[in-house]
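A.B. asks: Heads up: the protein sequence lines correspond to chains A and B, in order.
Under the UniProt record's numbering, residues 1 to 396 are what the first sequence spells out, in order.
Under the UniProt record's numbering, residues 1 to 396 are what the second sequence spells out, in order.
There could be a bad hint or two in this list.
Each pair may be met inside one copy or between any two copies, as identical chains are not told apart.
With a straight-line Cα cutoff of 20 Å, these simulated EDC-like cross-link-like pairs (lysine to aspartate or glutamate) come out [as the list claims (entries may be wrong)]: (1) K41 to E28; (2) K135 to E69; (3) K41 to D328; (4) K37 to D328; (5) K242 to E360; (6) K338 to E357; (7) K242 to D94; (8) K355 to D273; (9) K352 to E46; (10) K355 to D381; (11) K296 to E343; (12) K139 to E367.
No lab work stands behind these hints: they were computed from the structure.
2 protein chains.
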Amino acid sequence: MIILILLLLLLSSSSSNVFVFVCGETWEPSWSRGAAKEAEKVAAIECSGHGRAYLDGLILNGHNQPLCECNTCYGGPNCSLFLSNCSADAESGDPYFLEPFWMGRAGSSGILVSGWHRMGYTYSDGSLMSEMLVKGIKKLHQLVGNAIITNASFIIFGSGATQLLNAAVYAFSPNSSLDSPAKVVTTAPCYPVYRTQTQFFNSRDNRYEGDTSIWKQNASRVNATFIEFVTSPNNPDGKLTKQILNGSNVKTIHDLAYYWPHFTAIPSPADEDLLIFTISKLTGHAGTRFGWAIIKDEGVYQRMSSYLNLNTIGVSREAQLRALKLLDVVLEAYAWVKCEREEDGNCYEILKAAKIEGREGSLYSAEDRYVRLSLIKTQDDFDILINYLTKLVHQE
Amino acid sequence: MIILILLLLLLSSSSSNVFVFVCGETWEPSWSRGAAKEAEKVAAIECSGHGRAYLDGLILNGHNQPLCECNTCYGGPNCSLFLSNCSADAESGDPYFLEPFWMGRAGSSGILVSGWHRMGYTYSDGSLMSEMLVKGIKKLHQLVGNAIITNASFIIFGSGATQLLNAAVYAFSPNSSLDSPAKVVTTAPCYPVYRTQTQFFNSRDNRYEGDTSIWKQNASRVNATFIEFVTSPNNPDGKLTKQILNGSNVKTIHDLAYYWPHFTAIPSPADEDLLIFTISKLTGHAGTRFGWAIIKDEGVYQRMSSYLNLNTIGVSREAQLRALKLLDVVLEAYAWVKCEREEDGNCYEILKAAKIEGREGSLYSAEDRYVRLSLIKTQDDFDILINYLTKLVHQE
Numbered sequence: 001m002i003i004l005i006l007l008l009l010l011l012s013s014s015s016s017n018v019f020v021f022v023c024g025e026t027w028e029p030s031w032s033r034g035a036a037k038e039a040e041k042v043a044a045i046e047c048s049g050h051g052r053a054y055l056d057g058l059i060l061n062g063h064n065q066p067l068c069e070c071n072t073c074y075g076g077p078n079c080s081l082f083l084s085n086c087s088a089d090a091e092s093g094d095p096y097f098l099e100p101f102w103m104g105r106a107g108s109s110g111i112l113v114s115g116w117h118r119m120g121y122t123y124s125d126g127s128l129m130s131e132m133l134v135k136g137i138k139k140l141h142q143l144v145g146n147a148i149i150t151n152a153s154f155i156i157f158g159s160g161a162t163q164l165l166n167a168a169v170y171a172f173s174p175n176s177s178l179d180s181p182a183k184v185v186t187t188a189p190c191y192p193v194y195r196t197q198t199q200f201f202n203s204r205d206n207r208y209e210g211d212t213s214i215w216k217q218n219a220s221r222v223n224a225t226f227i228e229f230v231t232s233p234n235n236p237d238g239k240l241t242k243q244i245l246n247g248s249n250v251k252t253i254h255d256l257a258y259y260w261p262h263f264t265a266i267p268s269p270a271d272e273d274l275l276i277f278t279i280s281k282l283t284g285h286a287g288t289r290f291g292w293a294i295i296k297d298e299g300v301y302q303r304m305s306s307y308l309n310l311n312t313i314g315v316s317r318e319a320q321l322r323a324l325k326l327l328d329v330v331l332e333a334y335a336w337v338k339c340e341r342e343e344d345g346n347c348y349e350i351l352k353a354a355k356i357e358g359r360e361g362s363l364y365s366a367e368d369r370y371v372r373l374s375l376i377k378t379q380d381d382f383d384i385l386i387n388y389l390t391k392l393v394h395q396e
Numbered sequence: 001m002i003i004l005i006l007l008l009l010l011l012s013s014s015s016s017n018v019f020v021f022v023c024g025e026t027w028e029p030s031w032s033r034g035a036a037k038e039a040e041k042v043a044a045i046e047c048s049g050h051g052r053a054y055l056d057g058l059i060l061n062g063h064n065q066p067l068c069e070c071n072t073c074y075g076g077p078n079c080s081l082f083l084s085n086c087s088a089d090a091e092s093g094d095p096y097f098l099e100p101f102w103m104g105r106a107g108s109s110g111i112l113v114s115g116w117h118r119m120g121y122t123y124s125d126g127s128l129m130s131e132m133l134v135k136g137i138k139k140l141h142q143l144v145g146n147a148i149i150t151n152a153s154f155i156i157f158g159s160g161a162t163q164l165l166n167a168a169v170y171a172f173s174p175n176s177s178l179d180s181p182a183k184v185v186t187t188a189p190c191y192p193v194y195r196t197q198t199q200f201f202n203s204r205d206n207r208y209e210g211d212t213s214i215w216k217q218n219a220s221r222v223n224a225t226f227i228e229f230v231t232s233p234n235n236p237d238g239k240l241t242k243q244i245l246n247g248s249n250v251k252t253i254h255d256l257a258y259y260w261p262h263f264t265a266i267p268s269p270a271d272e273d274l275l276i277f278t279i280s281k282l283t284g285h286a287g288t289r290f291g292w293a294i295i296k297d298e299g300v301y302q303r304m305s306s307y308l309n310l311n312t313i314g315v316s317r318e319a320q321l322r323a324l325k326l327l328d329v330v331l332e333a334y335a336w337v338k339c340e341r342e343e344d345g346n347c348y349e350i351l352k353a354a355k356i357e358g359r360e361g362s363l364y365s366a367e368d369r370y371v372r373l374s375l376i377k378t379q380d381d382f383d384i385l386i387n388y389l390t391k392l393v394h395q396e
C-alpha cells in the first residue's frame, strides 16, 4: 500500500497557509521570543495581496512598523491602489513566482539567527564553506538528476553565480604573462554579463573576443586558451545548448542556472568540467546571493578558491545558513515514494498507469519499487498530482 | 538628577545572561515556533565554555543535533578535553572577544528570517542597498564621532571591507587605455591584502608599485595616478597614520577598520575622500561579510557601484538584515546621558570629576547638558563605569 506514504506526502507538501497551534505544547520561547514576535508581526501586515512588508522595510517618522512594499503598478499605504498609467515590468528577473511556495511553508523554512551566530571567519574545519551545505547540494543533485557529482568532484560557493562566472574565467586563464591572454567567447543570443564582466574587470590574463562563431573553424589552431560560455537552457531563449568550439585549448564554463525540472526537461545529468548553479533560480532567492560550482579539476578549484578568498573572503555565513534551510525544504518537497505491496515491484509503471509521471528509482541506484516525484512546481501541477494520487489510493 | 537615566542604562546594558519570562504575556508563536525552538535548542548545547554549537553545525550520522565546535586547544564531544600538545592560535583575526557581548544581548540581537524574506534582487527603491541600514550607519558615525558624513556624502556596501578595497582601486584607476595604469602603493608594515589583491586581479588599469617611500619625493612629477592605501589605526602595529604622498594625481583609500573607540582613541572624525569600515571589527561579525565605504565624489561612488553590481550584484540581503539588527543594538549600547538638575549645565565636567570620561554633547551639536558614554568595551570597563556611576548617584 502506498496510503501511509501518501499521507506523509500530503502533510509535508500542503501549500495552503494554515498554521497549526499544538495545544499540548509546553515549550515557551525564552530569548527568541522578541525576534519571533517581530517576524510574525511584520508578516501579518496586510498589503492587499499586491505587496509585502519586510523586517528591514522602511519605517517613516511617526510610524512604528515597516511600510508595505508594493508590486509594480500598485501603490498606496497598503498597496490597494492600482496605478493605471503604469508600464508592465518585464525587465528584471525577480523570481517572485516562487514566493507562495515559501509562504505556504512558513513553519519549516524560517531561521532564527542568534546575535552570536558564526562570528568567526571560518567553519570548524578551517574552510569558508559550510560542510552541511556541501552535503545538501550533493544530495539535491543526486535526487534531481541534473548533474553528476562523484567523490572526486569539488564544490565551491560564490556570492551568486555572478561572482563564480568571473572566478571561473580567472581560473581558466593563463597565470603567466608569457602566455597570450585567454580569449573569452559567447554565442548569441546570450546573457550579457559574460561580456560586460570580462571587459569591466579588464584583466591582463584574458580578453573578451566576441562571438563563438568567429572562431568555430580555427580555434584549435590559435595559440591561446579559449574560454567558451555555454548556457543551458540558454538565457534568453531557453534552448538546451552544447559547446561549439573544440580543441585541447578550449575550456568551457557551463552556466546551468535554469537546468532544473521546473524550467526544462532534464534529458541527462550534466557531466562537464565546470558547472555553475544558483539558488536564485532554484528556490527564487535572488537576494541571498548564493551560487555554487561543481568542478572536476583540482587545480581549477584551487584557483577559484583563491579568487573567492581575495575577493570577498568567501560567501556571507548568513547566506549559507539560509541556503541550507531552503535546500532542506526543497529536499523534503521532492517526494521519494515507495510502493509497499509485494506485487508492486515496479512502482514507476503503477504510477504511470495512474497518469503520474515520476522517475524510476533505478536512476538513483535504488530498486524500482521506488519513484521520485518532483513537487517544486506550480500549485496547479501540485493539485493535479494530488488528484491522481487520491484516485489511485481509492482504487486500491 | 541622573538616577532615572542610570536605571535605563543599567537595564539596557546588563551583559549578564538572564532571560526574563513575562508571565502575563499572552502572545504565542505560530509559524515561527519551529525556528525559535530550533535556535534555543542549539544555543542550549553545553560545550563546557570552550566551544559552541551552531544551527548549521555538522551533524554526524546517528546524531540529531549539531556537534560542539571547540576553541583552539580543546576537543572531545563537549570541548572539555584540553589538548596539551597544541599551539596557541594567534594567526587568525577571528573577533570572538565580542561573543559574550552578543550572548548577553540574546533577546535583542536575534533575527527571525522568514522563508520568503526579500527574495527579489532589489529593495523597494530599486537599489541593492537597504535604506534603513544606510540610515543606521549615518546615525552610528554621528554618535561615535569617528567619521564625518554630510548630506553630500555617498555610502556603499561591500561583502566585507575586502571587496571594497579592490572596488576602490578600480574606481580610482583611469578608465581609458590611453592613460598609464594607476600605481597602487602601501606603507610598510602593512596589511598584505592591498598588494596581493591588486596583483591577483591583475587589471590593465592599475599595478602594484611597492612601498610609498619610493615615490615620496617625486609622485607629483610622475605622469600617472597614484592610489595610496592609508590604514589608521595601522594593521599590524596599531599606529594612527596619515597619507604620505602629495599631489593632484594622488588618490587615497583610508582603511579605517579599527577606527572605533574600543580599539583606539578617536582624536577627530575622519573626513578624507574615501573611508572604508567593516562590521567585523565593529561588532565582531567577521563571518557576515559586511563592510561600507563613505565617499565624497559622486563619480567614484558610481564606479564603485558598477564594480559591486558586476562582481556580486550587491551584498547578501541576509547579511544586510543582520547588520541592521546588530547596529540597532550597538546604537542602544552607546548611552546618551543627560544631567537633568538645573545646576548641572556641564554634564561632561560633572562626570569627569566622578572619574567618568565621556564625550561632550557639543561635539554632537547638542547642549553640554548631554554626554555620550561608550559601552562597547570589555566587561571590566563596563563594571568600572557602573561602579563610578553608582558612587556618583549615591553622592547626589
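A.B. asks: Pop the pair K296 and E343 into one bin, within, between, both or neither, using alpha-carbon distances up to 20 Å.
C.D. replies: neither (42 Å within a copy, 76 Å between copies)
A.B. asks: Reference check for the pair K355 and D273, CA-CA at most 20 Å: within, between, both, or neither?
C.D. replies: neither (37 Å within a copy, 67 Å between copies)
A.B. asks: If the cut is 20 Å between Cα atoms, do K135 and E69 qualify within a copy, between copies, both or neither?
C.D. replies: between (36 Å within a copy, 18 Å between copies)
A.B. asks: Pop the pair K41 and E28 into one bin, within, between, both or neither, using alpha-carbon distances up to 20 Å.
C.D. replies: both (18 Å within a copy, 12 Å between copies)
A.B. asks: Checking K139 and E367: alpha-carbon separation at most 20 Å within a copy, between copies, both or neither?
C.D. replies: within (18 Å within a copy, 62 Å between copies)
A.B. asks: How would you label the pair K355, D381 (within, between, both, or neither) given a Cα cut-off of 20 Å?
C.D. replies: Classified as within: same-chain Cα gap 13 Å, cross-chain 71 Å, threshold 20 Å.
A.B. asks: Is it within, between, both, or neither for K242 and E360, if the alpha carbons may be no more than 20 Å apart?
C.D. replies: Intra 26 Å, inter 68 Å, cutoff 20 Å: neither.
A.B. asks: Quick one: K352 to E46, C-alpha cut-off 20 Å, is that within a copy, between copies, both, or neither?
C.D. replies: The answer is neither: 43 Å in one copy and 51 Å across copies each exceed 20 Å.
A.B. asks: At most 20 Å between alpha carbons: which applies to K338 and E357, within, between, both or neither?
C.D. replies: Within one copy, since 14 Å is at most 20 Å while 71 Å is not.
A.B. asks: First find the shortest C-alpha distance between K242 and D94 inside one copy, then the shortest across copies, and answer within, between, both or neither for a cut-off of 20 Å.
C.D. replies: Answer is neither: 27 Å inside a copy and 45 Å across each miss the 20 Å cutoff.
A.B. asks: Within, between, both or neither: how does the pair K41, D328 come out at a Cα-Cα threshold of 20 Å?
C.D. replies: between (25 Å within a copy, 18 Å between copies)
A.B. asks: At 20 Å max between alpha carbons, let me know whether K37 reaches D328 within a copy, between copies, both or neither.
C.D. replies: Between copies only: 17 Å across chains, 24 Å inside a chain, cut-off 20 Å.
Of the numbered hints listed earlier, those contradicted by the structure are 5, 7, 8, 9 and 11.
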